Amino acid sequence: MLIAKVIGTAVSTIKDERLVGRKLMIVRQTDEYGTPHGKPFIAIDTVDAGEGDLVLTCSGSSARQTNQTKDTPVDAVIMSVIDSLNIDGKNVFIKNP
Amino acid sequence: MLIAKVIGTAVSTIKDERLVGRKLMIVRQTDEYGTPHGKPFIAIDTVDAGEGDLVLTCSGSSARQTNQTKDTPVDAVIMSVIDSLNIDGKNVFIKNP
Amino acid sequence: MLIAKVIGTAVSTIKDERLVGRKLMIVRQTDEYGTPHGKPFIAIDTVDAGEGDLVLTCSGSSARQTNQTKDTPVDAVIMSVIDSLNIDGKNVFIKNP
Amino acid sequence: MLIAKVIGTAVSTIKDERLVGRKLMIVRQTDEYGTPHGKPFIAIDTVDAGEGDLVLTCSGSSARQTNQTKDTPVDAVIMSVIDSLNIDGKNVFIKNP
Amino acid sequence: MLIAKVIGTAVSTIKDERLVGRKLMIVRQTDEYGTPHGKPFIAIDTVDAGEGDLVLTCSGSSARQTNQTKDTPVDAVIMSVIDSLNIDGKNVFIKNP
Chain V
1 MLIAKVIGTA VSTIKDERLV GRKLMIVRQT DEYGTPHGKP FIAIDTVDAG EGDLVLTCSG
61 SSARQTNQTK DTPVDAVIMS VIDSLNIDGK NVFIKNP
Chain H
1 MLIAKVIGTA VSTIKDERLV GRKLMIVRQT DEYGTPHGKP FIAIDTVDAG EGDLVLTCSG
61 SSARQTNQTK DTPVDAVIMS VIDSLNIDGK NVFIKNP
Chain U
1 MLIAKVIGTA VSTIKDERLV GRKLMIVRQT DEYGTPHGKP FIAIDTVDAG EGDLVLTCSG
61 SSARQTNQTK DTPVDAVIMS VIDSLNIDGK NVFIKNP
Chain L
1 MLIAKVIGTA VSTIKDERLV GRKLMIVRQT DEYGTPHGKP FIAIDTVDAG EGDLVLTCSG
61 SSARQTNQTK DTPVDAVIMS VIDSLNIDGK NVFIKNP
Chain A
1 MLIAKVIGTA VSTIKDERLV GRKLMIVRQT DEYGTPHGKP FIAIDTVDAG EGDLVLTCSG
61 SSARQTNQTK DTPVDAVIMS VIDSLNIDGK NVFIKNP
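Chains as they are written, first to last, in my numbering: chain V, 1 to 97; chain H, 1 to 97; chain U, 1 to 97; chain L, 1 to 97; chain A, 1 to 97.
Don't read these hints as lab results, they were simulated from the structure.
Remember, it's a predicted structure, so these values are computed and weren't measured experimentally.
Where hints are given, some of them may not hold.
[As the list claims (entries may be wrong)] Partial pick of chain U residues on the chain H-facing surface, computed with a CB cut under 7 Å: (1) Met1; (2) Leu2; (3) Glu32; (4) Leu56; (5) Cys58; (6) Ser61; (7) Gln65; (8) Thr66; (9) Ser80; (10) Val81; (11) Asp83; (12) Leu85; (13) Ile87.
Virtual Cβ for every residue (Gly too), placed ideally from N, Cα, C.
Using the sequences and the accompanying hints, generate a full structural model.
Given below as structure tokens:
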């Protein structure tokens, strides 16, 4: 899974019918400190993540293993909001309370 | 999913029989503003996207989850036309009306 | 799918039994004009492509969706020979007649 | 599979229910000497790996082939702790006893 | 599939039970002349490949299509030893007899 930051949302009217009602979030992969790098991509939000949240994204066929994405043409899903990241016994990222 | 721009079409006569009747679009990944970068690839169009449209593409086995691509040897599909992209409360991309 | 050029062939005697009789082609991804870039990879030819042909390759589990590659340990297949590529209403590539 | 080093852990309260009880490890791919390079990613630990361990990670649908990750939205799993890496008849990495 | 060179072996005691008895080879992708480039990765050997051999590797779910890797958490497999690579009618690589 990737550590990613939610940076925005996408809106689409013309889409596969299985995507109706799904939330399309714009995310960017981050490093272990929550700093974004790389190109944005779109992931389906299944955990009510908000803009600015650090999340985990899951790709490929595994992205279809949530209740909201079963049998759906999506290849990336947000299935976890990150509370903290810990390296060498220290918190290097803590979600704002 | 990737944000991508439709830049052209491909024509093929000799192909797997399951591809007959499928529209082969040339697309390039874009950033969140719709600016293309990276190498072109080919995706099957399932939503009547046109050249110049910003779309979502879905890759891998998930590309076979549309009615038009079931059990078909394709690994990328266009399954959504993007209306707008929103970052920090502002529209950074709006489809031409 | 990738636009790719067939640049050669590979020969293998010791291989998984499901690969017996399959044609192993050396291909390289190209841009929309047919110019190769990047590293070569091997794809199973299912459409009698020849060296020099521009083709479409399909990767991952989707590469097993042809009659010749079902249940076979292969992750890339040639399933289409490209006749032409069209961008902005112009043919940027036409197969030699 | 990738050779990777476990560098930390991630904590998440809001997550897909199938992730409850799973250990989220922060890992980085390494070279054959165990030196990390590239961006960190998150893998589910199924073999009680510890921070600092060199491990094997498995990605994609194959990450769901362990007892702990079946039908779960995860795309990377730690399923092996590396004892040693051997190149040209020499151990280039040995796990600390 | 990738053209890859076997450069070593990995040893692991603590691992998923389905990996018991499997040979873990360290491989690096090569170009069409057999020259390695890029980072090493680990593939399960199913064809008794030896160090120094040029082989084909298959990734993702397709790596589970051999008899030795069915239902196993592995994402890369060696399923072919390369005898020769031919470009423009010339052998650019021939296996040492």
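Status of each hint after checking the structure:
The beta carbon of methionine 1 of chain U comes within 4 Å of a beta carbon in chain H, closer than 7 Å, and the hint placing it at the interface holds. For leucine 2 of chain U, the interface hint holds, the least distance from its beta-carbon to any beta-carbon of chain H being 6 Å, beneath 7 Å. With its C-beta approaching chain H no nearer than about 5 Å, glutamate 32 of chain U sits inside the 7 Å limit, and its interface hint holds. For the restraint placing leucine 56 of chain U at the interface with chain H, the shortest Cβ-Cβ distance is roughly 6 Å, inside the 7 Å limit, so the hint holds.
With its C-beta approaching chain H no nearer than about 5 Å, cysteine 58 of chain U sits inside the 7 Å limit, and its interface hint holds. Annotation: serine 61 of chain U was flagged as interfacial toward chain H, and the flag holds, the nearest CB pair being 5 Å apart, inside 7 Å. With a least beta-carbon distance of about 4 Å to chain H, the hint placing glutamine 65 of chain U at the interface is held under the 7 Å criterion. Hint on threonine 66 of chain U holds. Least Cβ distance to chain H is approximately 5 Å, under the 7 Å limit.
Below 7 Å, beta-carbon pairs count as interface contacts, and serine 80 of chain U has one with chain H at about 4 Å; its hint therefore holds. Interface restraint check for valine 81 of chain U: the shortest CB-CB distance to chain H comes to about 4 Å, inside 7 Å, so the restraint holds. Hint status for aspartate 83 of chain U relative to chain H: holds, with the closest Cβ pair at about 5 Å, below 7 Å. A hinted interface residue such as leucine 85 of chain U counts as satisfied when its beta carbon comes closer than 7 Å to some beta carbon of chain H; here the least separation is about 5 Å, so the hint holds.
Interface hint status for isoleucine 87 of chain U: upheld, as the beta-carbon distance to the closest one in chain H is roughly 4 Å, under 7 Å.
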